[in-house]
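From first to last, the protein sequence lines are chains A and B. In this note's numbering, each number is its position in the first sequence, counted from 1, plus 16. In this note's numbering, each number is its position in the second sequence, counted from 1, plus 197.
For the record, the hints were derived by calculation from the structure and aren't laboratory data. Virtual Cβ for every residue (Gly too), placed ideally from N, Cα, C. Warning: the hint list may mix true and false statements.
[What the hints assert, rightly or not] Just a few of them, taken from the derived set where beta-carbon distance is under 10 Å, the chain A residues facing chain B:
| id | residue |
| --- | --- |
| 1 | Val20 |
| 2 | Gly24 |
| 3 | Leu26 |
| 4 | Ala27 |
| 5 | Asp195 |
| 6 | Arg197 |
| 7 | Ala201 |
| 8 | Ala202 |
| 9 | Asp204 |
| 10 | Leu205 |
| 11 | Arg208 |
| 12 | Thr222 |
| 13 | Arg304 |
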Amino acid sequence: MAPVFHRGQLAIPVTCILMLGCIFPLALLAVFSVFEVDLDAFTLVPAFSGQNWVQMFTNPVFAFLIGKAVVSGAGTAVLAAIIGYPIAVSMTRLPVLWKGVGSIVLLTPLYTGEIVRIYAWRVVLGSEGLINATLKWLGAISEPLKFLLFSPFTTHLVLLYNNLPFMVLAIWISAELIDKRLIEAARDLGARPIDAFFKIILPLTTPGLAVGVFTVFALAAGDMMTPSLLGGTSGATPMAMIDNLFGTAFDWPLASALSLSLLVVLLVFATGFVGVLLRFDGARAVFRRGAR
Amino acid sequence: MVNTPDRAPDVSGPGLLLSARGLTKTYSGQRVVDGIDLDIPERAFTTFLGPSGCGKTTILRMIAGFETPNAGSLVLDGRSLSGVPPERRPVNTVFQSYALFPHLTVFGNVAFSLTLRRQSNVDVAARVRRALDAVHMAEFGDRYPHQLSGGQQQRVAVARAIIAEPHLLLLDEPLSALDKKMRGHLQIELKDLQRRLGIAFVYVTHDQEEAFALSDIVVVMNKGRIVQKAAPLTIYARPATAFVADFIGAATLIPGDIIDGGAAGPASIETAIGIVQCPAVEGLSKGDKAMLAIRPEHVRTGAHGLKATIRHVVFKGDRYLVEAEVNDVILRFMSDSPLTSGETVGLVVDQDRAFITRID
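Extracted from the complex, chain A is given alone in its bound form (with noise of 0.2 Å):
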């Protein structure tokens, strides 16, 4: 016979992972954020001041980092819902061997690695990259469009590229487990194909669509890579000058306190949108009972 555990024995491991994963590293994150940096003799002192959170909270340009994250994060996450949305709903309409191809097209840009795709986009947007170069050669432009490249527009379209699949998967799943004869059910009752998407699909998939952006907002708010390598002067992001605090600059304190405000903004957002998200019918119908 097979060994029975007690619940509270199988939590100890996912326990452990925790402790060590993220509530250690996060406190320790807190410590430093209290100490100061002694640069004559290169060395951390533990001084207990309040000192890099008063600059957290007075030097304006670390809220302005944090707030383009967010927004940078919330504007992509939005409109690859826009985008992805459609798509996801008409995955669920394909033949099951078609879902099969569409999922691997789906996924495939992400086997590439981000740094393949920030030089392919490059090649494509450059100045002398595909695109001014055909509209050249067309005949529409004479010089090439500056914006294409090294601009927030670029930042923002290789985010949503980036990070599209990730929304499409969560709102196709949600989308392809409504019991379909709930669709038939309101069509029976008087409901034309557009007054079942806005009255049953759409609520049904509040779930997905809420997956999805939170995945998105995560992603594209966290992304450093991506905005210092395409976004030129616009490229700064708290996460880039936390790269620069602990490693060049050597003020872990002032990283940890960076670090810790960038969480803590992060969380309250997401929480407030999960906080949203409840107050939705279908959202509660789904997480509930399942879409059926």
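Assemble the complex: chain A is given as a structure, and chain B must be docked to it using the hints.
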């Protein structure tokens, strides 16, 4: 298809509601519904009865508009249904698994069809209340489907389907997910509701007791075709074919030859258990092969009957179901006393009630 005389006079009066001609549905080359001709009268309770896969649900789905026939026509209220989408048919459906909207309350579910038509809120509330009253669910308006029992969900599904006052209500095995007691309750309620509303119900089931309990007309189907269409009593007492006799009431079917008798009066059939005289069947005459059908209630023990050996005895609660062998034929009958296996008894067949049917 065989049309036996109808013994339900209350449905012969009203006019024609729905008529199907040559209705056919094919799935990957297989004719699931095979050229059905059928007329459904107004205000009647019509039941499609048959084993699973006989095409009964497909017919219902074609009437509702979820499936497009490959051939044939459906005419409702004198208008062709061809090309009419489900939302524009004056027909509503009670689904097998109810298909209640999980994100809407009972009120929201029942009001669904009215809210699509932009009615005033006062009007909607009053009509929802009336519909819920009709199914005894008035106090459950605020609940969500998952907070209801199966029987309650079924009632809500009915209320949701009748609120728009359809000309025809389709019910696809609506009671099959419920326990036997609840099924009995709801059968009575459904029949009562149908009489009060005066709406034609078309019901699909594989349960013959349910079909008999509810219907004015029973349409027995097999392999995509109608085998017999008649009142329940006729279907039970005079099955048109051996399939119907076997499917309904579990008759023992014994092959034989008609040796005497014409279209009317008694006919004699010679079988392994001897020559039995039964009422004649139209179209069968001397020399034809046929089946003698004997139900458990047609057999009793008697001193001067057929010599039979008891094979199995099954306790059924009120009585015992006994299987006895006569010349390699197994006859079943109900007994008040627990007979023992191997015992020899005399069996008498009630020749007025046993019947002859065609071989399918």
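Hint numbers contradicted by this structure: The structure breaks hints 1, 2, 3 and 4; every other hint is satisfied.
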